[in-house]
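Peer 1: Residue-level listing of the chains:
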Amino acid sequence: MRTGPAALPTPERQLEMYRRMLRIRRFEETVAELMSGGQMVGSAHLAIGQEGAIVGACLALRDDDYMVGTHRSHGHPLGKGADPRPLMAELLGKATGVNQGLGGSMHLADFGVGSLGETSIVGSGLPIACGGALSAQLRGSDQVALAFFGDGAANEGTFHESLNLAAAWRLPVIFYCENNGYAITTSATLACSVADIAVRAQGYGIPGEVVDGQDALACWAAVDRAAARGRAGLGPSLVEAKTYRFREHSEGRKLVYRTDEEIAVWLQRDPIDLLRAHLLGAGVAAADLERIGGEVDEEIEASLEFAKASPYPDPDLPARVVFATPVGGGDA
Amino acid sequence: MTVASEPKRHLYLHAVIEAIKEEMRRDERVFVMGEDVESPLFWGPTGTFKEEFGGSRVRNTPMSEAAFVGAGIGAAMTGMRPLVEMTVASFLYVAFDQVVSMGAKSRFMFGGQASVPMVIRATSMYGRGLAAQHSDRPYPAFMGIPGLKIVAPTTSADVFGLMKSAIRDDDLVLFMEDVNLHGTRGEIPEGDHLVPIGRAAVRRPGTDVTAVGVSGGILAALAAAETLAGEGVSVEVIDPRTLAPLDTRTIIDSVARTGRLVVVDPAHRVCSVASEIAAVVAEEAFDSLRGPIVRVTTAQLPVPFSPSLEKGFYPTAEKVAEAIRRVAGGMAPP
Numbered sequence: 009m010r011t012g013p014a015a016l017p018t019p020e021r022q023l024e025m026y027r028r029m030l031r032i033r034r035f036e037e038t039v040a041e042l043m044s045g046g047q048m049v050g051s052a053h054l055a056i057g058q059e060g061a062i063v064g065a066c067l068a069l070r071d072d073d074y075m076v077g078t079h080r081s082h083g084h085p086l087g088k089g090a091d092p093r094p095l096m097a098e099l100l101g102k103a104t105g106v107n108q109g110l111g112g113s114m115h116l117a118d119f120g121v122g123s124l125g126e127t128s129i130v131g132s133g134l135p136i137a138c139g140g141a142l143s144a145q146l147r148g149s150d151q152v153a154l155a156f157f158g159d160g161a162a163n164e165g166t167f168h169e170s171l172n173l174a175a176a177w178r179l180p181v182i183f184y185c186e187n188n189g190y191a192i193t194t195s196a197t198l199a200c201s202v203a204d205i206a207v208r209a210q211g212y213g214i215p216g217e218v219v220d221g222q223d224a225l226a227c228w229a230a231v232d233r234a235a236a237r238g239r240a241g242l243g244p245s246l247v248e249a250k251t252y253r254f255r256e257h258s259e260g261r262k263l264v265y266r267t268d269e270e271i272a273v274w275l276q277r278d279p280i281d282l283l284r285a286h287l288l289g290a291g292v293a294a295a296d297l298e299r300i301g302g303e304v305d306e307e308i309e310a311s312l313e314f315a316k317a318s319p320y321p322d323p324d325l326p327a328r329v330v331f332a333t334p335v336g337g338g339d340a
Numbered sequence: 008m009t010v011a012s013e014p015k016r017h018l019y020l021h022a023v024i025e026a027i028k029e030e031m032r033r034d035e036r037v038f039v040m041g042e043d044v045e046s047p048l049f050w051g052p053t054g055t056f057k058e059e060f061g062g063s064r065v066r067n068t069p070m071s072e073a074a075f076v077g078a079g080i081g082a083a084m085t086g087m088r089p090l091v092e093m094t095v096a097s098f099l100y101v102a103f104d105q106v107v108s109m110g111a112k113s114r115f116m117f118g119g120q121a122s123v124p125m126v127i128r129a130t131s132m133y134g135r136g137l138a139a140q141h142s143d144r145p146y147p148a149f150m151g152i153p154g155l156k157i158v159a160p161t162t163s164a165d166v167f168g169l170m171k172s173a174i175r176d177d178d179l180v181l182f183m184e185d186v187n188l189h190g191t192r193g194e195i196p197e198g199d200h201l202v203p204i205g206r207a208a209v210r211r212p213g214t215d216v217t218a219v220g221v222s223g224g225i226l227a228a229l230a231a232a233e234t235l236a237g238e239g240v241s242v243e244v245i246d247p248r249t250l251a252p253l254d255t256r257t258i259i260d261s262v263a264r265t266g267r268l269v270v271v272d273p274a275h276r277v278c279s280v281a282s283e284i285a286a287v288v289a290e291e292a293f294d295s296l297r298g299p300i301v302r303v304t305t306a307q308l309p310v311p312f313s314p315s316l317e318k319g320f321y322p323t324a325e326k327v328a329e330a331i332r333r334v335a336g337g338m339a340p341p
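Line by line, the protein sequences are chains R and C.
For our numbering, add 8 to where a residue sits in the first sequence, where the first one is 1.
For our numbering, add 7 to where a residue sits in the second sequence, where the first one is 1.
Source of the hints: derived by calculation from the structure; they are not laboratory data.
Don't take each hint at face value.
What the hints assert, rightly or not - Heads up, incomplete: computed chain R residues facing chain C, CB under 7 angstroms, no partners named:
| no. | residue |
| --- | --- |
| 1 | T18 |
| 2 | P19 |
| 3 | L142 |
| 4 | V329 |
As the structure is a computational prediction, the values presented were derived from the model and not from experiment.
Just so you know, even glycine gets a beta-carbon here, dropped at the ideal spot from N, CA and C.
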């Protein structure tokens, strides 16, 4: 089940990987400040600690490949290459938000980069990914669709139905589990019948693989293999990235269900630190990484300024957007 | 010189199938999937799609309602126009979250970045001895979900024209059929007959009482109107055709003329389409009303199996006639 990286992204892509992981980290740190400062309503589920699992997977996809996500929604579109400015504006409910302020933190989407939407009903995105893959198959395209989901979703019926459907129809889907160990407060060791969700692939006759979710390069390699399989018409794969969220389930909570010792162990394996060490070991100059860090800082700062300066949506926006083809003559 | 022939009266079930086939010929993006769609099991002898359109556009699904409804939504958001066949309407419940959370809300939540041009076809299979689970008429539950369009055509012409409109529509349309209508016949206008979504139809003009017949309830409403005509009461029968968004204007205009309203809906009584129509009329046409609004619905009980209990369980022409007599009771004799 466990296989090491068989290949590496190009050096340029490795630097892009580092940039996007930092972008998620800074974006999320900014969101944490907005939440604690009462400048943002609703909930915010941050991806800090899971950047390697996210960006590793996204960079193994092409720009025109599809992706669906989860309530922990900010990292996925950023990982796929979305502009952070409309994402930040969306979190503040602004008209310039990527969803015009209609979706918010748990429902980011950027169809321009293949992000078909994040969803806050656990497990509901997996069938949608099957649909993106089915569409590609019907159109004769070699696009693939990746479904991010968590360990909690692996116990939903849609997980099992989607694996079966995709396997039966050989759909090019990559079922990608970010197993961060907990469904809110419930440990996967108690909720899941198996230690590794990846073994469930066997029940559907498809490959299942566990990877170190803190190692972005290992995640990249696993998704690279799964994507190649999908493009070759061989059907879906299941990849399980073992990872950890460094913050709470959502901001503003303080719950006791993880031990300090457990948290400390994971904090020592920060995915950004690990990639940074790899890059430095591969001969990348520290100054180059600092420069990327500075650029990302400025970019996220500019995103926040953009979001804050943007207007709120018009009151008639909901009625205008609800249908693509408006119906006249009656009450909506 | 040709002898005028009787206009052809098409079976409702054949009309809807022919509409789907025409749209599949017209647009390569349209495909059909669902349980047993490759077989004429539910669709009758004309339901042979695979021979004409091939296995990729006509596909039997696993019994995974959530997965294949969701897959339809995903395909619709990425360039295809799926028709998802649920067969028995009660099976919608198994896919409820996908219909509600993804189908109805994706376009809105994602700020209009994508649409869900998809049709979900489902038939209310009541009155057939299928008992409580299989016999539901579940459209009211979906009417409370913003973002869904729901149609419930009752004639061959409408089922043909509304199916074509639904497939061409850029939004998710829940296409509700009624098994008691499948065997009815009617004329269909020649050519590419389209019926717009969101418009009610006056099925029978009248002056004394407005009777709205929802889905298969139209049969009881029309039969009752015929009976009442013999008693000197003129009943205007309205078919909403689209349940969401509801064409309330046509109903209100009728009530403004008649002052009396009976709503016939085979769904269960609580929060039925009849409830909604009654509320709208009470709010917006109160001054026109000359008596209480009466709903003729199905009792708030699960559907019983025994033929002796199921018979008469739903709105019947007799119950509707009785309701109309009640509301017309205050009328001066002609």
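Peer 1: Give a verdict on every hint.
Peer 2: Hints and how they fare:
no.: 1; hint: T18; result: violated, 28 angstroms
no.: 2; hint: P19; result: violated, 33 angstroms
no.: 3; hint: L142; result: holds, 5 angstroms
no.: 4; hint: V329; result: holds, 5 angstroms
Hints 1, 2 from the earlier list are contradicted by this structure; the remaining hints agree with it.
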